[in-house]
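*Asks:* Modelling step: build the complete structure from the supplied sequences, incorporating the hints.
Line order of the protein sequences matches chains A and B.
Take 10 as the starting number for the first sequence in my numbering and just add one per residue.
Take 7 as the starting number for the second sequence in my numbering and just add one per residue.
In case anyone wonders, no lab produced these hints; they're calculated from the structure.
For clarity, every value in this text was computed on a predicted model and none was experimentally measured.
Ideal Cβ placement from N, Cα and C applies to all residues, glycine included.
One should not assume that every hint holds.
Some but not every residue of chain A turned toward chain B, in silico, with C-beta under 7 Å [said to hold, decoys possible]:
| id | residue |
| --- | --- |
| 1 | ASN80 |
| 2 | LEU81 |
| 3 | LEU122 |
| 4 | ASP165 |
| 5 | ILE168 |
| 6 | ILE176 |
Now the in silico label distances, taken between C-beta atoms and shown as ranges [what the hints assert, rightly or not]:
| id | chain 1 | residue 1 | chain 2 | residue 2 | range |
| --- | --- | --- | --- | --- | --- |
| 7 | A | GLU94 | B | GLY403 | 55 to 63 Å |
| 8 | B | ALA480 | A | HIS177 | 50 to 58 Å |
| 9 | A | LEU106 | B | GLY291 | 53 to 61 Å |
| 10 | B | LEU93 | A | SER98 | 39 to 47 Å |
| 11 | B | GLY403 | A | ALA68 | 27 to 35 Å |
| 12 | A | SER36 | B | GLY144 | 45 to 53 Å |
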Amino acid sequence: MSSSVNLLIGLAMGLNLLALGSSRMPSVIRIVAAQGVALGLIPFFMEDRFGWLVALVAAGTVAVKGLVIPNLLHRAMRTAKIDREIEPSIGFVPSMLLGAGGTMAAVDGAQLLPLLSEHAGTLLVPGALASIFTGFILLIGRVTAISQVCGYLILDNGIYLIGLLLIHSTPLLVESGILLDLTVAVFVIGIIMDRIQRAFDSLDTRKLTVLRE
Amino acid sequence: MKGLLLIFVPVAGAALAAAWPSERTRPWLLPAVGVVHTALAFWLLMHPPVVAPAAWLGFDQLARAVLPVVSLLFLVCAAYAVPYLGLRAERPNRVFVASLLAVLGLMSAAHQARHLGLLWITTEAVTLATVPLLHFNGTPRAFEATWKYLLIGGTGIALSLLGTFCLGYAYILGGGGGDLTFVTLMAHGAALSRPWVLTAWVLLLVGYGTKMGLAPMHTWKPDAYGEAPGIVGAMLAGGVTTVAFAALLRVRAVVDAAGEAAVTSRTLLVIGLFSMLVAAVFLLGTRDFKRMLAYSSVEQMGILASGAAFGATGVWAVLFHVWNNSLTKGALFLSAGTIRRAAGARTSEEVRGMSAITPQSAAIFVAGMLAISACPPFGPFFSELRVLRAAFETGHGAAAGMFLGCLLFAFFGMTRLVLSIVDGRPRGGVRNARRRIRETAGVVAPPLVLLGLSLWLGLATPETLRDAWAAAVAQLSPAP
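*Replies:* Given below as structure tokens:
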């Protein structure tokens, strides 16, 4: 059981680096979607006994992270007719190196936190820390609104991995509330991006500099 | 049960507002819901209900100590909103009214959330519901402010989710089951896993601190408060920030129960004093009076955070200060909104002599500025005095000195800017505005009422409120 979980988390960690190295927006969105699907599948493999609640959460996660959110982003990108090339403020190679270093630090640092025996030996915590770090690099190191949102989603995927530690104890209501909030957040972000596009004729967040001290 | 009505009435009002056909009469839903909500909240303040320990939602002592002031602030803002939205008839108000009502309902839910996960969900929902309010003006600057609010606020809220999970795992690692209500978590405090608890505390402090606007996570605040309408600024500074602060107090009680009280107090003190210092520095430099209100709010949040570090008496004092801050800030934002509309500008270079153009609002603005910078006999003076006394009682003399220094510099900064706007001769273009902008009772009375309440709270703090704050302190730090 733990080997298939680790395989999926390893895949997600690889996708992190791929996201850092991609220079085209649609591929970053696809990478985020693939990562969401990989992570959404994990609950199916974490179980010996198969509970329908867990299956429901997993299916919901795959649907939201793999389909709904990427579709919202693709649509935002189409309607805003934005440039498909990503302009980085931290270059692609430096961000990949940073990401690789962060991943190694995550694997090392995760040993400091004690775990239940059923979670020992999984990559849940290192994978989470690496994704959170990657998310932050994308948030800081990219200038277009959509790639920042992708960074936010990768950050969120990392948090989801920590959330998996709790999947037996948090009720369905909490999980679904979190998923719902995330969907609404991306929806709201999409609307605001549309307005920014109309007001500034671009989604380059470097142009958002009127307000400063 | 009545506690749930505090959530359902505004949410039903929001749904009704979304379906309401007339632009002209829709704003009246705001005061209508506000009256019901305030009446309910104060009835519950007088007659606190018995909350089942395992309840996920309930009007418990902490909700009782804070929620009524949010409700009161909403009512007064709603009364201001009717003439305001009448003046802004060119903007459609369907989304605005519905979102404002939804924010009230969600804030009531967040204040009553007694479950770790539910607290996060409601707080995040409040953030999302405020977004449509921020870009009501529809200017490019408003969208820029909204984007920063979404991105910074979203990241902060993501970190608090991470902290929530870490705290939950600390409990499970300590042998707990799936019950993540605060009561249970506090009862099992000693068994919680220390490394996870400390990680959770840092993340939750940063996460909810972002929402409160503690420095250095305050950067969205000047933009958002500067670009949003006055009512929204008042609700953000006096309502939404209290949600985040109450959330921090609830989480902190768990971390304290885990035996890390020294860590929570020290971090709160450091981040609080740092916020006050940053706010004081920016208050000395800013030229924009709406952004000034944002930095002043950062300062107030610093007072709340550092005051909460000074033991039980400190927590009592900051709960008092929450009331004073909400009421006084409300008066400032509403009067500043009127001044801003009359002047057509916001910086001290462009705005002068407002005492001649909008004399009543200018007078309220000056009085509110004096009140918020802790001049007697307004409420903030008494609550800050109590914070200081708590600081000396707990042996934080140096911190108290820094606290006073920051207050003094903030006072210099604010008086400089406020007096330069109010004094002098109005500029030519603005002088004609006097005929255009009339200060009707509808826009003058609400901030005046808030200022009066702040004064009353300082001169005669009601016994019921003192009891409510003491009961909340007892809930947060139960005797061992």
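*Asks:* None of the hints should be skipped; say for each whether it holds.
*Replies:* Structure-based check of each hint:
The criterion of a C-beta within 7 Å of any C-beta in chain B is not met by ASN80(A), whose closest approach is roughly 19 Å, and the hint is violated. Look at LEU81(A): its Cβ only gets to about 14 Å from chain B, farther than 7 Å, so that hint breaks. With its C-beta approaching chain B no nearer than about 5 Å, LEU122(A) sits inside the 7 Å limit, and its interface hint holds. The restraint placing ASP165(A) at the interface with chain B holds, with a minimum CB-CB distance near 6 Å, inside the 7 Å limit.
A least Cβ separation of about 5 Å between ILE168(A) and chain B falls short of the 7 Å threshold, and the interface hint therefore holds. Interface hint at ILE176(A): violated, since its Cβ lies 10 Å from the closest Cβ of chain B, which is beyond the 7 Å cut-off. In this structure the hint that GLU94(A) and GLY403(B) lie 55 to 63 Å apart at CB holds, the actual value being about 58 Å. In this structure, ALA480(B) and HIS177(A) break the distance hint of 50 to 58 Å, their C-beta atoms being roughly 34 Å apart.
A beta carbon spacing of about 38 Å between LEU106(A) and GLY291(B) contradicts the range 53 to 61 Å that was offered as a hint. Here the CB-CB span from LEU93(B) to SER98(A) is close to 42 Å, well matched to the stated 39 to 47 Å. In this structure, GLY403(B) and ALA68(A) break the distance hint of 27 to 35 Å, their C-beta atoms being roughly 59 Å apart. Under the hint 45 to 53 Å, the C-beta atoms of SER36(A) and GLY144(B), about 34 Å apart, miss the expected range.
Violated hints, in rising order: 1, 2, 6, 8, 9, 11, 12; the structure is consistent with all others.
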